[in-house]
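Here the sequence shown is numbered in my numbering, starting from 663 and rising by one per residue.
Just so you know, the hints here were simulated from the structure itself, not pulled from any lab data.
Possibly wrong hints are sitting among the right ones.
Unchecked claim - Now the in silico label distances, taken between C-beta atoms and shown as ranges:
#: 1; residue 1: ALA831; residue 2: GLY690; range: 46 to 54 Å
#: 2; residue 1: THR862; residue 2: LEU675; range: 24 to 32 Å
#: 3; residue 1: ALA831; residue 2: HIS725; range: 45 to 53 Å
#: 4; residue 1: ALA702; residue 2: VAL865; range: 30 to 38 Å
#: 5; residue 1: VAL810; residue 2: ALA864; range: 18 to 26 Å
#: 6; residue 1: HIS793; residue 2: ASP904; range: 17 to 25 Å
#: 7; residue 1: ALA716; residue 2: PRO832; range: 38 to 46 Å
#: 8; residue 1: ALA716; residue 2: GLY833; range: 30 to 38 Å
#: 9; residue 1: GLU723; residue 2: ASP755; range: 41 to 49 Å
#: 10; residue 1: GLY834; residue 2: GLN720; range: 51 to 59 Å
#: 11; residue 1: ALA831; residue 2: GLN720; range: 52 to 60 Å
On a predicted model such as this, the values are computed, not experimentally measured, just so you know.
Don't be surprised by glycine CBs; every beta carbon is placed ideally from N, CA and C.
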Amino acid sequence: MSTPFHIVIPARLASTRLPNKPLADVAGAPMIVQVARRAALAGAAQVVVATDAAEVRQACEAHGIRALMTRADHASGSDRLAEACELLALPDDALVVNVQGDEPLIAPAMIRACAELLAARPQCAMATVAHAIDDDAEFANPNVVKLVTDAQGLALYFSRAPIPWWRDAPGGGARIKPGAVLRHVGLYAYRAGFLRRFPTLAVSPLEQIEALEQLRVLWHGERIAVHVSDERPGPGVDTPEDLERVRQLMAS
Numbered sequence: 663m664s665t666p667f668h669i670v671i672p673a674r675l676a677s678t679r680l681p682n683k684p685l686a687d688v689a690g691a692p693m694i695v696q697v698a699r700r701a702a703l704a705g706a707a708q709v710v711v712a713t714d715a716a717e718v719r720q721a722c723e724a725h726g727i728r729a730l731m732t733r734a735d736h737a738s739g740s741d742r743l744a745e746a747c748e749l750l751a752l753p754d755d756a757l758v759v760n761v762q763g764d765e766p767l768i769a770p771a772m773i774r775a776c777a778e779l780l781a782a783r784p785q786c787a788m789a790t791v792a793h794a795i796d797d798d799a800e801f802a803n804p805n806v807v808k809l810v811t812d813a814q815g816l817a818l819y820f821s822r823a824p825i826p827w828w829r830d831a832p833g834g835g836a837r838i839k840p841g842a843v844l845r846h847v848g849l850y851a852y853r854a855g856f857l858r859r860f861p862t863l864a865v866s867p868l869e870q871i872e873a874l875e876q877l878r879v880l881w882h883g884e885r886i887a888v889h890v891s892d893e894r895p896g897p898g899v900d901t902p903e904d905l906e907r908v909r910q911l912m913a914s
C-alpha cells in the first residue's frame, strides 16, 4: 500500500460483562498488548493504544507498545480516536484505522484491506468491513449487525433487524436469501479530518434507535465504503466465556 495508515486502538477498563478486560491475560500478555501485536502485522506506520486508564498505559509501555492518555468522558471509541488524532498531530488526510481492543485474533489482512479501500475511495469519509452470512439464527439475532450496500459497494444502511427482508422466503419469517446478507464487522478506517469533525455532529435519531454509531455518519450525508471479506474475523472478547475460548485458540 503506497498510502501509509495509522492504527489506533481505543481501550477503557469499564466493562459490565468483563471488568478490566484490556488487562486480562491472554497467552502470557495483557489482551490489549496481544491486540496491538496482531495489528502491527498489518503494516501500519504506527500502532497506538488510546486509553483513559493509567494501568492500561503502563501495561502497554511495559511491552513496548505506545499508549496515549485520553479523557475519561468520551461517549464512544470514535470520540476517543478523535482526541488521539489531535495528540498525534495527524494531518486531515491521514488514514486512521480503529481496531477494537477486544479482538486479539483480528486478521491483519482485513485491517490492511479496510485502509486500502478508504485510500481508493476519496469520496468516502470512512471504510468498514463485512462478510457474508448464511445462518438464519445469526440473521435474526439483534446482536448481529447487518448492512446493505449500493452498486458501488457503499453502505446504504446498518441495522440490528434482519435486512434485506426476503418477502417471498419459503415458510416466511426471517430467512436468509442465499448470497444476499452481509454481517458487519466492527473495524473502521477514517480520514483524520472527518474523525475530528465526528464529535461535533448531532446524534441522529436512527443512531439512538438502533444504538449504532455509524448511522450518524450516514445521517449527515457522509459515505462509508464496505470491504466484503472472504473470511470471518476471529472471535472477540465480551464475556468470561469468550475470554476462555480465545485463550484456548491462542494456546493451540
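- Does the hinted range 30 to 38 Å hold for ALA716 and GLY833 at CB? 55 Å, violated
- Task: For GLU723 and ASP755, compare the CB-CB distance with the range 41 to 49 Å and indicate the outcome.
- Result: 29 Å, violated
- Task: Take the C-beta atom of ALA716 and the C-beta atom of PRO832, compute their distance, and say whether it sits inside 38 to 46 Å.
- Result: About 57 Å separates the Cβ atoms of ALA716 and PRO832, which means 38 to 46 Å is violated.
- Task: Hint says 30 to 38 Å; check whether the CB-CB distance for ALA702 and VAL865 agrees.
- Result: 34 Å, holds
- Message: Looking only at beta-carbon atoms, does the pair HIS793, ASP904 fall within the given range of 17 to 25 Å?
- Response: 19 Å, holds
- In this structure, is the beta-carbon distance linking ALA831 and GLN720 contained in 52 to 60 Å? Holds - the Cβ-Cβ distance for ALA831 and GLN720, about 53 Å, lies within 52 to 60 Å.
- Query: Is it true that the C-beta distance of ALA831 to GLY690 lies inside 46 to 54 Å, as the hint says?
  - Reply: 48 Å, holds
- Message: Tell me if the beta carbons of THR862 and LEU675 are separated by a distance inside 24 to 32 Å.
- Response: 27 Å, holds
- Hint says 51 to 59 Å; check whether the CB-CB distance for GLY834 and GLN720 agrees. 55 Å, holds
- Determine whether the Cβ-Cβ distance between VAL810 and ALA864 falls within the hinted range of 18 to 26 Å. 24 Å, holds
- Query: Should the hint that ALA831 and HIS725 are 45 to 53 Å apart at their CB atoms be regarded as holding?
  - Reply: 50 Å, holds
Of the numbered hints given earlier, the model fails hints 7, 8 and 9; all others are met.
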